[in-house]
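J.: For reference, the chains in residue letters:
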Amino acid sequence: MLELSRITAGYDPRRPVVRGVSLTIGSGRAVGLLGPSGCGKSTLARVAALLHRPDSGTVVVDGDLARGARHRATREQRTAFGVVFQQPRLAADPRMRLADLIAEPLRATGRRGEAAAAVAALAERVGLSGELLRRRPHEVSDGQLQRACLARALVLRPRWLICDEMTAMLDASTTAALVAVVEDYRAESGAGLLAVGHDKVLLDRWCDETVHWDELSPQKIEPSGV
Amino acid sequence: MGDRVRTGVSAAVTAAAVLTVLAVPFAVPLDEQAVDLAAKLQPPSWAHPFGTDEVGRDLLLRSVYGLRVSLFVGVAAALAATVIGTAVGAAAGALGGWADRVLMRIVDLFSSVPHLLLGIFVVTMFRPGVWPVVASVVVTHWLSTARIVRAEVMSLRSRPYVDAAVSGGASRWRVTVRHLLPAVLPQAGLAAVLMIPHAIWHESALSFLGLGLPTHQASLGNMVQSARGSLLAGDWWPTLFPGLFIIVPTLAVAGLAGAWRERLNPRRRSELTL
Numbered sequence: 000m001l002e003l004s005r006i007t008a009g010y011d012p013r014r015p016v017v018r019g020v021s022l023t024i025g026s027g028r029a030v031g032l033l034g035p036s037g038c039g040k041s042t043l044a045r046v047a048a049l050l051h052r053p054d055s056g057t058v059v060v061d062g063d064l065a066r067g068a069r070h071r072a073t074r075e076q077r078t079a080f081g082v083v084f085q086q087p088r089l090a091a092d093p094r095m096r097l098a099d100l101i102a103e104p105l106r107a108t109g110r111r112g113e114a115a116a117a118v119a120a121l122a123e124r125v126g127l128s129g130e131l132l133r134r135r136p137h138e139v140s141d142g143q144l145q146r147a148c149l150a151r152a153l154v155l156r157p158r159w160l161i162c163d164e165m166t167a168m169l170d171a172s173t174t175a176a177l178v179a180v181v182e183d184y185r186a187e188s189g190a191g192l193l194a195v196g197h198d199k200v201l202l203d204r205w206c207d208e209t210v211h212w213d214e215l216s217p218q219k220i221e222p223s224g225v
Numbered sequence: 000m001g002d003r004v005r006t007g008v009s010a011a012v013t014a015a016a017v018l019t020v021l022a023v024p025f026a027v028p029l030d031e032q033a034v035d036l037a038a039k040l041q042p043p044s045w046a047h048p049f050g051t052d053e054v055g056r057d058l059l060l061r062s063v064y065g066l067r068v069s070l071f072v073g074v075a076a077a078l079a080a081t082v083i084g085t086a087v088g089a090a091a092g093a094l095g096g097w098a099d100r101v102l103m104r105i106v107d108l109f110s111s112v113p114h115l116l117l118g119i120f121v122v123t124m125f126r127p128g129v130w131p132v133v134a135s136v137v138v139t140h141w142l143s144t145a146r147i148v149r150a151e152v153m154s155l156r157s158r159p160y161v162d163a164a165v166s167g168g169a170s171r172w173r174v175t176v177r178h179l180l181p182a183v184l185p186q187a188g189l190a191a192v193l194m195i196p197h198a199i200w201h202e203s204a205l206s207f208l209g210l211g212l213p214t215h216q217a218s219l220g221n222m223v224q225s226a227r228g229s230l231l232a233g234d235w236w237p238t239l240f241p242g243l244f245i246i247v248p249t250l251a252v253a254g255l256a257g258a259w260r261e262r263l264n265p266r267r268r269s270e271l272t273l
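As given, the protein sequences belong to chains A and B, one line each in that order.
Letter by letter, the first sequence follows residues 0 to 225 of numbering that gives the first Met the number 0.
Letter by letter, the second sequence follows residues 0 to 273 of numbering that gives the first Met the number 0.
Just chain B, same shape as in the assembly:
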């Protein structure tokens, strides 16, 4: 019961967040960059439900645009990292031997560097923008997917149905694509969804450090960064609302991923729904 409520709330929040960021740029003809120095650092009011920032920009509108960027970065990075991780993991697991050792040492090499550091290294190689941030998250996040997929493929490789395919003349490629990959796709999909919140936090962290998106762009990390000064002066709203926009949607996506993981859990899955 508690699980179902949590899943329902997570689904509702996720759906609301996605619909809002998709619809607002078309439905609301306001400029999130519009400066109004006469109305700077206004507390929440009917005109500005989240208040305004230090140059009088509306925080509700900027939070929505920031969430739009974050969700885009999160989904794009999670998809790309999952594709790379699945390809490397499946190749390592299916080929075994030397190929496996070389590929997994590469994974170890990437994992051995603290991943925020590696992410910072990647973004600093490019001009600030969305794609360097996506690249930085991808480079640091495909590793766990590669490990999960490799372990799964290795355990499947010794199943009799794979023996039967080998005996039936299937090539290595066919065994991998027809029999091994389809079996790991649910796991890989779950890893992708679990990665979205993580990728959003990463984007926020990089922007907060001033290394992510251009500072004028409405991004949740940028907003929390530029709100630091006013927080010390007692103005709490420029920090609180963008912060909630980071936390609540990511928790909702994580909640959905958790429900999905429960469904994949073999202990709760009946023999018949295999």
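Isolated chain A (complex conformation):
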């Protein structure tokens, strides 16, 4: 279970972008979160992945209360999440070859020895050829780079996947391919999914349930026009 309770978060404590939002995802379930851009759904996704400390509220991951975000969370808690971001260009270190990009989490967690085999298997899975793996981010397309970013998110075999507008920059066939990779991985591992997006058709077909941002925000009842 991934339980977000009464999360208030933002980048300026006086003007939070997320106010008192709660969201619970059952183990192995896939939830799509719909909303217009700028509403705060990406911030909520970062809070869920323990990448952003909420101003208030709690995150409970599989029964463990997260004591902090980023480096204040334990490595086990952080690596329970595989995160795929909207813009692969910004999510990839421009100096790293694609193979190193995919292997980076293994190296960072002291599992260097498994890197070669894991990269080969994942590259095959996301459809990247050996030649592309030797290139750097600026030498590949957005779609190819996003495939590498998805492979990186899967390399530690996370229990949860957070896909923040993963396919917003991509064409239909790449979108279908990447969603299929995510679903294959979930079928085999039982991982849960939070998919954030604004494409209702896609999220309805991809996820077990789809919630709209407005349904999560409790403070909708504001006096209007008076």
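Away from chain A, derived, C-beta distances all over 12 Å, residues of chain B:
id : residue
1  : Ala11
2  : Val34
3  : Pro42
4  : Phe71
5  : Ile83
6  : Leu102
7  : Ser110
8  : Trp130
9  : Trp200
10 : Arg227
11 : Leu239
12 : Ile246
A few chain B positions that, by computed beta-carbon distances, are all more than 10 Å from chain A:
id : residue
13 : Leu29
14 : Ala38
15 : Val129
16 : Ala150
17 : Glu151
18 : Leu193
19 : Gly242
Ranges of calculated distance between the beta carbons of each label pair, as one might list FRET restraints:
id : chain 1 : residue 1 : chain 2 : residue 2 : range
20 : A       : Leu64     : B       : Leu117    : 44 to 52 Å
21 : B       : Arg104    : A       : Asp141    : 41 to 49 Å
22 : B       : Met153    : A       : Gly62     : 34 to 42 Å
23 : B       : Trp97     : A       : Arg96     : 35 to 43 Å
Everything labelled a hint here was simulated from the structure, so no lab data went into it.
Where is the CB? At the ideal position from N, CA and C, for every residue including glycine.
Could you slot chain B onto chain A? The hints should help.
T.: Just chain B, lined up with the frame of chain A:
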């Protein structure tokens, strides 16, 4: 076009200066300290193209040796100041919070003293020599690099690729060393090159004030200092040539740094060469 000519001239002058100061002590078997009182204050001639000083020492040879000292001080001080500034700036930017506040207050503390004054304070603590001068320039010059690197690291810290590294289990140290520092190295390198001319001026200023290198040592600042008396008597060459040796090479290095800065400028950089 104008830019390319300027860059080319700067590169040529810098290369000539470096080659000259490296080669002359080995290729020319003359003593830059040799005194010849019979030939004191000679104007420029074929025998002494830059003339001679008030004790008959050859000014061309002494200018070359002075430039050698200046370039050494400039490069050594710029490298050391850049290493310290980058380390402090990266630590402040990457750690944030209290560590950032404490480190940046230390930077403010050093910046709040006029830096020539602080430099003089440092050199007066030691016997005259090259290393106190280097130390004095380092103490006063790591501050701007620390600020630049901290600002750059802070802006990089919120990039999604850093989020991805954190989520992938990377430690703070690994995030800093693998993802943040490599991205700021071009900026830090540029700051180092820009610092070389400044460090040379500093060395000259300290020597001119009589606080830098030992007065007998051929240094551009010392030479301009000891030429003051003869300048008032109308002998212009002991001031002019060492002065040009301070100005021309430092302008050339600054010109090269300017060209490098242009290349780093994101507006002129194509998306593909990121």
